[in-house]
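Could you put together the complete structure from these sequences and hints?
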Amino acid sequence: MSTAEKTKTCLSLSTIFIGIALGIILWGGFNWTLELTNTEEFCISCHEMENNPYADLQDTVHYTNRTGVRATCPDCHVPKEWIHKIVRKIKASSELYHKFMGTIDTPEKFEEHRLEMAMREWKRMKDTDSRECRNCHNFGSMDLDKQDTRSADRHDPHVWEVLDGEEPSQTCIDCHKGIAHSLPENWEEAAKAAGLQD
Amino acid sequence: MRQAILTTMLGAALFSTYVMSVQAAEIASLRGANNLDAPANAIEKNEQKKMDGGFDRAWELQPPSIPHDIEKDRITLTENTCMKCHSKDNFDKENAPEIGESHYIARDGSVLDKPSSRRHFCNQCHTPQADIAPLVENSF
Chain A
3 MSTAEKTKTC LSLSTIFIGI ALGIILWGGF NWTLELTNTE EFCISCHEME NNPYADLQDT
63 VHYTNRTGVR ATCPDCHVPK EWIHKIVRKI KASSELYHKF MGTIDTPEKF EEHRLEMAMR
123 EWKRMKDTDS RECRNCHNFG SMDLDKQDTR SADRHDPHVW EVLDGEEPSQ TCIDCHKGIA
183 HSLPENWEEA AKAAGLQD
Chain B
9 MRQAILTTML GAALFSTYVM SVQAAEIASL RGANNLDAPA NAIEKNEQKK MDGGFDRAWE
69 LQPPSIPHDI EKDRITLTEN TCMKCHSKDN FDKENAPEIG ESHYIARDGS VLDKPSSRRH
129 FCNQCHTPQA DIAPLVENSF
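So the protein lines, in turn, are chains A and B. The first sequence begins at 3 in my numbering and counts up by one. The second sequence begins at 9 in my numbering and counts up by one.
Calculated from the structure, these hints are not laboratory results. Since the structure is predicted, the reported quantities are computational estimates derived from the model, not experimental observations. Glycine included, C-beta positions come from ideal geometry on N, C-alpha and C. Check each hint, because a few of them may be wrong.
[What the hints assert, rightly or not] Straight-line distance between alpha carbons at most 27 Å, and here's what the computed DSSO-like set of lysine-lysine pairs gives:
1) Lys148/A / Lys101/B
2) Lys80/B / Lys128/A
3) Lys125/A / Lys82/A
4) Lys148/A / Lys92/B
5) Lys58/B / Lys148/A
6) Lys148/A / Lys53/B
7) Lys122/B / Lys194/A
[Claimed, not checked] Examples of chain B residues lying across from chain A (beta carbon under 7 Å, computed):
8) Asp60
9) Lys80
10) Thr86
11) Glu87
Shown next, in the form of structure tokens:
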């Protein structure tokens, strides 16, 4: 092998290694930052989130319960799959704008926008067949004997739809609205008009 | 003379300490006869009673008592989650009892379209039930 050829191989090898190293650092750094913004601590670092939705959450079963499993903000509000997560994160840039504009920086302003924000989440859940709920809850894994009669009666048809290999005719959010946060005033009329509630 | 006064004072002090300690032993505070430095007795946990088809009324015009868990329900200034099932629009679909006609009557006697605000706090009249001995004996 001539000296020129040797230098060429050496150069291309080092390019590959530097590329890999840079790739790990940049991609790792990107994902690390992304995960950093995907924690409850990050979400409630804004007083808007800490004083309103986070305060609501603390009264509910998703915050404290018999078995000690807790759902944090991103568990319900940020998709787990990478592509959906990125889409949601890009959409969240409008939240930064409103943070700087102070759109919901008082409890009164928050209440004013609560319906609009809740409807947006309900619609997102409906469109994705309550994807974030299903990270933990599945019709197929429900033991109806362990549920209250009233709950079991309502879940029963959908459990059978799943066991028969069909798509469930209803999704979690169709019935379970306001389970982790307060319901907005006049939510029912608005949800019915938007086709989000029977 | 001085010694006699001192002895009387000491005697009085000793006697009052004795009286106070006897009283302290007899006084039971609201947290029971526990010493203050000991943890209070745990309250006995009473499971809420659930009943298919609801409880019978104990007397005519008794507000029906609640035969299901209400732990997750919230009644606040802006929301009332009971109405998810018991409102005029939803009771049929949810197979739940509808709130009474009387709940639409305002204080001045006029009939409203929506439930009257004085009926907003359901559990002021409608209560969950548990199997417990009455706190106070009564002959009702």
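Status of the hints after comparison with the structure:
no.	hint	in the structure
1	Lys148/A / Lys101/B	23 Å, holds
2	Lys80/B / Lys128/A	22 Å, holds
3	Lys125/A / Lys82/A	18 Å, holds
4	Lys148/A / Lys92/B	23 Å, holds
5	Lys58/B / Lys148/A	14 Å, holds
6	Lys148/A / Lys53/B	21 Å, holds
7	Lys122/B / Lys194/A	17 Å, holds
8	Asp60	6 Å, holds
9	Lys80	6 Å, holds
10	Thr86	5 Å, holds
11	Glu87	4 Å, holds
Hint compliance for this structure: no hint is broken.
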